[in-house]
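Asker: Now that you have both chains on their own, put them together as the hints suggest.
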Amino acid sequence: MLKTSPFHPRTSPLVRAQTWRRWAGYQMASAYDPHPDREYAAIRNAAALIDVSALYKYRITGRDAMRLLDRTITRDMTKLKPGQVYYTPWCDGEGKVVDDGTVTRLDESSYRLTSADSSLRWLHLNAAGMSAGIEDLSERVGALSLQGPLSRAILSKVAATDMAALKYFRFVDTTIAGIPVGLSRTGYTGDLGYEIWVEADRAVALWDALAEAGKPYGLTPAGIWALDIARIEAGLIMMDVDYFSSHHALTEARKSSPYEINLGWAVSAGKGPFNGRRALAAERARGPAWGFVGLEIEWESFERLFARHGLPPQISNVAWRSSAPVYDAGRQVGYATSGCWSPLLKKSLALAHLRAPHFAPGTQVELEITVEHRRERAIAAVRKLPFFDPERKKA
Amino acid sequence: MSERYDAIVIGGGHNGLVAAAYLARGGRKTLVLERRHVLGGASVTEEIFPGFKYTVFSYVVSLLRPEIIRDLDLPAHGLQILPLESTVTPMDNGDYLAGWADPDETRRELCRHSPRDADAAVVFGRLMHHMAMAVKPILGMLPPDPTSLSPGDLAGLLKLGGHFRSLGAERFHALHKLMTMSSADYLDEWFEFGPLKATKSASGIIGTFLGPRSPGTAYVLLHHYMGELDGAFRAWGFQKGGTGAISESIASAARAQGVTIRTNAAVERVLVRNGQATGVVLEGGEEIPARTVVSGLDPRLTFTRLVEPKELPESLVDAVRRFKFRGSSGKVNLALSGLPNFTCLPGEGPHLRGAISISPSIEYLERAYDDAKYGEFSRHPYMDVVIPSMIDPGMAPPGKHVMSIFVQYAPHNLNGGWNDEKREAFGDAVVDTLARYAPNIKSLILHRQVLTPDDIERITGLTEGNIFQGELALQQLFFLRPAPQWAKYRTPIRGYWQCGAGTHPGGGIMGASGRLAANEILRTAP
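If you're matching them up, the sequences are chains W and D in order.
Each residue of the first sequence is one higher than the one before, starting from 1 at the first, in the numbering used here.
Each residue of the second sequence is one higher than the one before, starting from 1 at the first, in the numbering used here.
Next comes chain D alone, as it looks inside the complex (with noise of 0.2 Å):
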């Protein structure tokens, strides 16, 4: 038998990280293990081609929470995170619509094409900045169940009733609207220009299988409003080093707070006992034991893969086999000999330090859904197209670079399945695709890594290749993530718990779910 620990966190992606930093500093000696060979799940940076790192899966961070860079001082442990400041959108025309730094700037680029979006927009974002408030207090918050008559649940719901109270009326519609609309319907109660409507609503489908015209994307647009770098909400940035160096600071900082952390240490079963978890045991054979066990991997694996269905109540392994993940995207990452030339911007401008956005209308994005919604993958996808080494050049040997795409749609569940041959196809659409954009872009790929649902599965675990843990929607959010009464972190069996993205208050490098379930377990479980 190994040494024993108190608490054992499995997975060392960055919700798991969080988990055991806030376990250790709350005195509990922690111990992680991670199956992979790399820290940090789906945030990783890899040099899978010599001499070029890829930000393989997560790309760019902005919802991290601030409470835990300062709790954990991210920044002394390799925090370091770049400012994003661009997205532009070609346009099919050749034209071009973008979104600067500056908000002056940005607001006369729109009056070129819409002087009544331009006007629009200021208002809209007010609005989303009230939404994003109103949101705020809800993301630190332990999920209080409706059904239940706890003193603690009582005192959560009337705490939250009181905060929608204070919204007032004007507020409390938009977030219900938002809650509950297309985000497509959404944007046109505010907007006229398409290429402006369809940016704006690619923040909605992103990691859901559903079209920007399907209800409830509205809220997966405002998740991703909800980000504050230095006090400002839906700031976005990219971490110095890519998003690998976000999990690997997170990891020095668990270090530093006596945190033990191991690598190539794959978690079988967790070992239950009369209904208490007692430890786990590593493929292989090796047990640990400990009191406490955290599962920071998605709810399918927590309760059907790393605990027998039949420690667990009926109810619950129903809720967690119709949970929906329905892996919708993929990603693209190409090693290049130089820069892309966009047509609409030809030579080397400021563009191509922020975002290049593959959304020129709504009919667009829905057309890549109907693809993806009969079983193929989008033959002309959304795109979210970045180039960290514009701004990061150590991502990249000197003049060389590298170009992280986020594809939509890749379904999970691909007519026939993926195999090699679709794989590369699935590429070969979204080079095709980004070269009506930008000629130049194949003769410059160096390397090119295509991942589907099936190979984000396989390389991370994460179910159906899902990249939030399970979809953002309104079904699966808050008191019902991942299943009625069991959003509190807790499971069925004593002294096992989940920390992953599958919980609340879920996906995008945030940490939330890490941090909140750490606090309770530091809270009920002495």
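If we strip away everything but chain W, and leave its shape as in the complex, we get (with noise of 0.2 Å):
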């Protein structure tokens, strides 16, 4: 049986074509209309609820819960500040991510971690030899995403804390209706928005609160198609679609270190040591052998794949996440791994790995794409990661 959120019994009756996924063992809405296309324009234009419950965490408390924190993380633990969070990638002994998410310091001495994969394990090996609580929330917290440009607005009505004050990739404890919640300026969008962690007891108490202040400004419950667009636009990677996680990868040429997957600002120089420390510097000083990066397909290119059989171009409204062969001159030089139309940016776009060089921006290759039952080349644009960056987001 797949597990249901704590919100699922406000979001089933929501799901009007019953188009449910699979994620982390969890069954979670795709969407919630047929077509993802309402809440992907939420998510831009106003604002989206996203049930993101299936996301793993864990409280780490103790002694030396910064230290194992820190060990196992490639960001510098010691510079997190009470009431901050980091996105980081975290690797194995050779350097290759094992998995990325949030570390979030909650007070002192104690923290939360998210991640895409089950953890647990990983996180009792590196505190070998420490005193550190490790505790498993995933069950016990239900999580939701309150994503788009009025998300502030919304929460400024029902949460009991100065909003204003809440800064990009800040966290607080607070209330919303008078639920305890912690809160976050995080999210998968790009965009604005902010995440919101409660007991599962007051999950749909707390659905309820925000449906009910959201209504004025176009608060819309949105599924897993919709989030994948946004976070696609934001270039944010997904573990197991843009990379595999080395405790997964069934081969050494599937595994990935931070710098081939656009994760090298995430990965402290100067820290104490760490999973992957030596192989990590290595690399740095010889040079990544991938990259990983935007690519904008060139309109007129695709256009005339589609002319030639007499139809305009087709687009999906829903991301795609499956290899593709990236060519330059001919020859292969890497793969994309997900890609989509932005509604936003009118652009096909994708995320790709591509060999050295040919991943500077401004090189031009060509993405295997099938039209009419052909494999077709269409040109494309390396692009810098993110294609969508929105001052709001930080502002």
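You can trust all of the hints, since none of them are fake.
Covered stretches of chain W, as calculated for chain D (at least 3 residues, CB under 8 Å):
(1) 33-40
(2) 214-226
(3) 340-346
Simulated restraints, written as ranges between beta carbons of each label pair:
(4) D/Arg108 to W/Gly310: 27 to 33 Å
(5) W/Thr370 to D/Arg379: 54 to 60 Å
(6) W/Ala165 to D/Ser443: 40 to 46 Å
Derived from the structure by calculation, the hints contain no laboratory data.
It should be emphasised that the depicted structure is a prediction, and the values quoted were computed from it without experimental measurement.
A virtual CB, placed ideally from N, CA and C, is assigned to each residue, including glycine.
Answerer: Laid out in structure tokens, this is it:
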């Protein structure tokens, strides 16, 4: 049996076409409407409410909590202040990425780690010889992501905290309509947005309070299809879609270092010992073999491929998640792992792994697409990520 | 004398702004002069009532050419199109007909009324797709003159001939029917269910002083099917912030190309010396020199107000005088304290996020036209109703709404002429008609703006209040728009050009006229 989220009693009647999907053993909504267009528009134009309870969540406490996390992740935990959040990858001993997620310093001595994959075993392995409590909150805590330009206006109505004071990647313990919640200014859309953490038994009450407060602001429940488009525009990677966890990868070739998935910025060169430090230092010195970049498909070339068959370009309103070869001058130089039509930017986008030196912004490459049952190549240009980065995200 | 420009564009409507952006992109030092304080012409968003943003005239978007969006990177300048997913037609028996975002849902809904029409709609949709494909190349083409023997015209005609031959007999015949038939007759060949035919035929009368049974209206229907949002034909959407934000995005893109834009700068006339445009003079006397002057205004203003008709051949002046404007539509904008409750679909359902079409039958529409034919506004008009604040909450204060009602018919030549009293009577007819379907509407109205064709002309300058800068009638299209031999954006005055919707391919927030004009100027006037 797949698990259902603590918000299921509210989300379930809204999923009109029974478009559910699996996410980490949970049954989650792909979309509430048969098509995600309106849900996506809400993320970029008004506000969307997304159930992200399937994330794994751990509370880490005790004398060595900070040490444990510092040893695990690639960023410098000694610099994380109370009420601050890191987005970070973590690696195995060879510097290959195990997972990516957030670390929040809840107070002086306790932390929360969120991850795409179960991390209990890995945390315990890393905690050997340390005094740290590792508590799995995954099922006890529900999580809602409230994203979009009007998300702050909605929370200002119901959250018992000064929303203007809650900066990007900061966290606060507060209440919403009297319900105790953790509130962080984070998300997976690249937009202004927040994530709200709540005890499972208060989840439905929280949903109701937000739905009520959000109604005048066009708050719309949104599923994973809409989220997927937003996260591609924001250039945010997804484990087991854009890269394999080194714990899952069946071959060495399937593993990636942070540098190879555009997370080099999250590797602290100066910090103390941590998993993969030596390997990452060596890789930094010689330069990574792969780059993870954006591809923007040139419309004219895309249109031409369809026009040859008397067709207008076919565009899906759902993102694709499959591997597509990328060529430069006829030779394969990499592969794209996900992509979508951006309704906002009016461009066809993809996220791709490219070998050095083909990942320099502006490089012209070719992306394989299937047109009328034939493999064709559309011209695409390498772009620096993110594709979309509005000022309001951090303002 | 003011600073000299390479090109001056008269009128900051969307076509003028597009033309200016392309001219600047082509290296021309370009100035746009807009008479009003706000840019956009008939694509403006204005806060007429505090806190409520009205899409005063045009209110939805579909036809904006994708190549313009790309060339000018309009999304980076604020273009953001939100989905308009449904159309609901309330019926007189208390039922409704809905078209939803999902084609299967729409088909099941139509099945409820006519299983035969539900089948026909699929094949009809395929045909309209092919018709839009057939017309698409023409939209991006300089209209060749069929009476000319110049190599350019011959090449254009040859290309056109080849294009039509490639359509095959079936599609060519369908296209011919669309070009000549009435929308009612055309739809009768396909469908039996009255509200469906009426709602579809409504696209054929918009902006035109014709009824659904008038020949030629089938083409206007096709004109509204040609939009392609995100590669999909006939998709319509809302611009975030209203259609004024489209104009703003084009203006922003134009400025990024180096265009200077002046508002509150009404052009008195174009300066002409020895048959050559030399600049413009503003109301107030300021003269601005330029060797290229481009008018984004309609043909009447372009040829009879901005220049002396004596500068022009008699045949052109004559053709322009006979060019049909005949504004036939009005607009009612409402600020609402809450949402309307439709008897056919009570409560706050998804139908309120889309269009509500007051078009219960062809007879209803034709009767509405009958009123106008004899010089009165329709007592029970056709209405296209949208509530932009449902999908774009920023248009109204939280929990409140704006409603945009496009209304037909309101004839420009009203018996006895328009005055304040008649304007309000027209507004009352609109609200009363709507109240038949949504009885609570009157109690929700916080503010009402009523616009007749006279108001449209007074505010935007559009002659006789025609929203397309002249009707989209076959005799006024392609190489005849606005006049034979002058359909290629040039005028008999050297250096004086036209770029408004009164030129090919015409109205709607399309921008194609502005782009084609600018490209022609850049190509032929180095």
